[in-house]
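S.K.: Residue-level listing of the chains:
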Amino acid sequence: MLNENLPGPLTLGQRSFAPQQRLVMAIVNRTPDSFYDKGATWDVSAAMERVHAVVAEGADIVDIGGVAAAPGAAVSVAEETRRTVPFVAAVRAAYPDLVISVDTWRHQVGRAACQAGANLLNDTWGGQDPQLAAVAAEFGAGLVCAHAGPLAPQTRPFRVAYPDVMADVLDRTLGQASRAVAAGVAPAAILIDAAHDFGKNTWQSLEVTRRLGEMTGTGWPVLVSLSNKDFIGETLDRPPGGRLTGTLASTAVCAWLGARVFRVHQVQQTREVLAMVSAIRGEQPPARAVRGLA
Amino acid sequence: MIVSAALCPWPPLLVRELTGADPVLPELRAACAAAVTALLAAGPELVAVVGPGPRTARWPADGRLDVAAFGGGPPGDPARPVLPPAAGIGAYLLDQAGYQGPRLVWSVSEDEPASRCAALGAELAGLGGGQRTGLLVLGDGSARRGPRAPGYVDGRAAAFDASAERAVRAGDLPALLDLDPGLARELMATGRPAWQVLAGACPGPLRPVHVRYAGDPFGVMYLVASLAPSAP
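Protein chains in written order, with the numbering used here: chain P, 3 to 296; chain R, -8 to 223.
It cannot be assumed that every hint is accurate.
Stated by the list, open to error - Per label pair, the in silico range of CB-to-CB distance:
hint: 1; chain 1: R; residue 1: 137; chain 2: P; residue 2: 88; range: 27 to 37 Å
hint: 2; chain 1: P; residue 1: 140; chain 2: R; residue 2: 68; range: 25 to 35 Å
hint: 3; chain 1: R; residue 1: 209; chain 2: P; residue 2: 274; range: 28 to 38 Å
hint: 4; chain 1: R; residue 1: 68; chain 2: P; residue 2: 142; range: 46 to 56 Å
hint: 5; chain 1: R; residue 1: 209; chain 2: P; residue 2: 240; range: 10 to 20 Å
hint: 6; chain 1: P; residue 1: 79; chain 2: R; residue 2: 150; range: 24 to 34 Å
hint: 7; chain 1: P; residue 1: 22; chain 2: R; residue 2: 11; range: 30 to 40 Å
hint: 8; chain 1: P; residue 1: 48; chain 2: R; residue 2: 161; range: 21 to 31 Å
hint: 9; chain 1: R; residue 1: 146; chain 2: P; residue 2: 242; range: 21 to 31 Å
hint: 10; chain 1: P; residue 1: 189; chain 2: R; residue 2: 173; range: 36 to 46 Å
hint: 11; chain 1: P; residue 1: 140; chain 2: R; residue 2: 160; range: 54 to 64 Å
Unchecked claim - Not the full set, but computed from the structure, chain P residues with beta-carbon under 8 Å of chain R:
hint: 12; residue: 160
hint: 13; residue: 161
hint: 14; residue: 283
Derived from the structure by calculation, the hints contain no laboratory data. Quick reminder that beta carbons are idealized off the backbone N, C-alpha and C, glycines included.
Start from the sequences, fold in the hints, and give me the full structure.
M.R.: Listed below in structure tokens is the structure:
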């Protein structure tokens, strides 16, 4: 299903976003072990401070996750729920209109999160739990349909090969989007995500970046999650703490190619990059233009 | 008749173009090249390539590695059929060595029990008739040898890999038939079926053994060895 190939508004919770709007989704990890922040917001009060900070910096969406992507200790449904759901409720109480996303592949967690006020389920592992879409439909929540290739949750790619990586991305994400629509999820609340690094080596993540226009050309809103990832680290030979420049460069390219939602650690820097791209594209005026005009 | 064998892992990073500006593991690449050179120095009239694959099958002798499937490198020769990655690495290594002679290419499924692998090995050894056959075996140990490994950590990986390495170093190939397929799968040790084909192809000792590389720099056990090479 190609959504008639025409980008339409994205509707999440009480908010509706026009196709030209570029949205920042701030990562808020409720994990002790995520690769970039290493548990910086494991403490609930630190996590809430992070929410206050990213909202002040202009985040449109917060994405709350309770399980690190990398392999490690298994996190049960009960533990993931404990990490994320009360926090979703607390954020909802503090910000009645903020779009709250929950990063989970499990429908049980998705259900509890929606009951606590989440508006979007970010299914980063690409449809592992077919009941997740039904939960989104039941609560009027949105769904991110991501491409993890052949991978199971919390696993790393091992010699993954694709005859055509973008063809596989399109096949899997559009298939999930179609199934989500069939399950009753509002088409205006569905996004697709190439899921950089998930089931992909660096070459493959670079290729999906280069060919992102093939995703945006489907008409579905495209989310990109690039922030400080290994494909940037390998490209520039930089450790996780040294990947901001590469992240922002990748962000600019994806924005130029039509991505609409950017899942990030650094909100303020991303906002500036997106404002710059929007201005270059002629979709947003400069903040202040007097040069040669006075 | 198997006159010599070479044992190589098949990480895609053996293809120099796939690692970018950094050669990453030049010593591993050199060890594999040396193993293939020694294999060819034994003067085989036929080289049989066997590696793990999605199914047990014979593949076209002119097959090639699909480097582009890993996202980098130049597009391959469209006139040559694409092989599964492990056998493809074998073909690639022979190409790199400039080998122009006859090839026999097989993949072997991870679902094959040891007995079937051994039978395939015996069949392979006989397929060349009385020809002097060199055997190029592609296979890796566990990919679960540490927190940064592709398959993270499994405490059983080290012992499993050590038993395989011990058998190879001793030239005691029948011992490879004791490797448990279920455990190998759980450990992401892709080499198990191909190693057991080697065991079936060489019922007697194949000595001397020259281990050229044994290590796990990225959490996957790589073992490069020459068996009965006629050059060092």
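S.K.: Now tell me if each hint is right for this structure.
M.R.: Hint check results:
1. About 35 Å separates the C-beta atoms of residue 137 of chain R and residue 88 of chain P, a value consistent with the hinted range of 27 to 37 Å.
2. The hinted window of 25 to 35 Å between residue 140 of chain P and residue 68 of chain R is violated, with their beta carbons roughly 53 Å apart.
3. At roughly 37 Å, the beta carbons of residue 209 of chain R and residue 274 of chain P sit within the given window of 28 to 38 Å.
4. Between residue 68 of chain R and residue 142 of chain P the beta carbon distance is about 53 Å. The supplied range of 46 to 56 Å therefore holds.
5. With their beta carbons about 18 Å apart, residue 209 of chain R and residue 240 of chain P fall inside the hinted range of 10 to 20 Å.
6. The beta-carbon spacing between residue 79 of chain P and residue 150 of chain R, approximately 33 Å, falls within the hinted interval of 24 to 34 Å.
7. Taken as a hint, the range 30 to 40 Å holds for the pair residue 22 of chain P and residue 11 of chain R, whose Cβ atoms sit roughly 36 Å apart.
8. Roughly 56 Å separates the CB atoms of residue 48 of chain P and residue 161 of chain R, a value that falls outside the hinted 21 to 31 Å.
9. Separation of residue 146 of chain R from residue 242 of chain P is about 27 Å and conforms to the stated range, judged on CB atoms against 21 to 31 Å.
10. Residue 189 of chain P and residue 173 of chain R have their C-beta atoms about 45 Å apart, which keeps the hinted 36 to 46 Å range intact.
11. Restraint check, residue 140 of chain P to residue 160 of chain R: a C-beta distance of roughly 60 Å satisfies the suggested window 54 to 64 Å.
12. For residue 160 of chain P, the interface hint holds, since its Cβ comes within 8 Å of a Cβ in chain R; the closest pair sits about 4 Å apart.
13. With 8 Å as the threshold, the beta carbon of residue 161 of chain P comes within range of chain R, its nearest partner Cβ sitting at about 6 Å, so the hint holds.
14. A hinted interface residue such as residue 283 of chain P counts as satisfied when its beta carbon comes closer than 8 Å to some beta carbon of chain R; here the least separation is about 29 Å, so the hint is violated.
Checked against the numbered hints given earlier, the structure breaks hints 2, 8 and 14 and satisfies all the rest.
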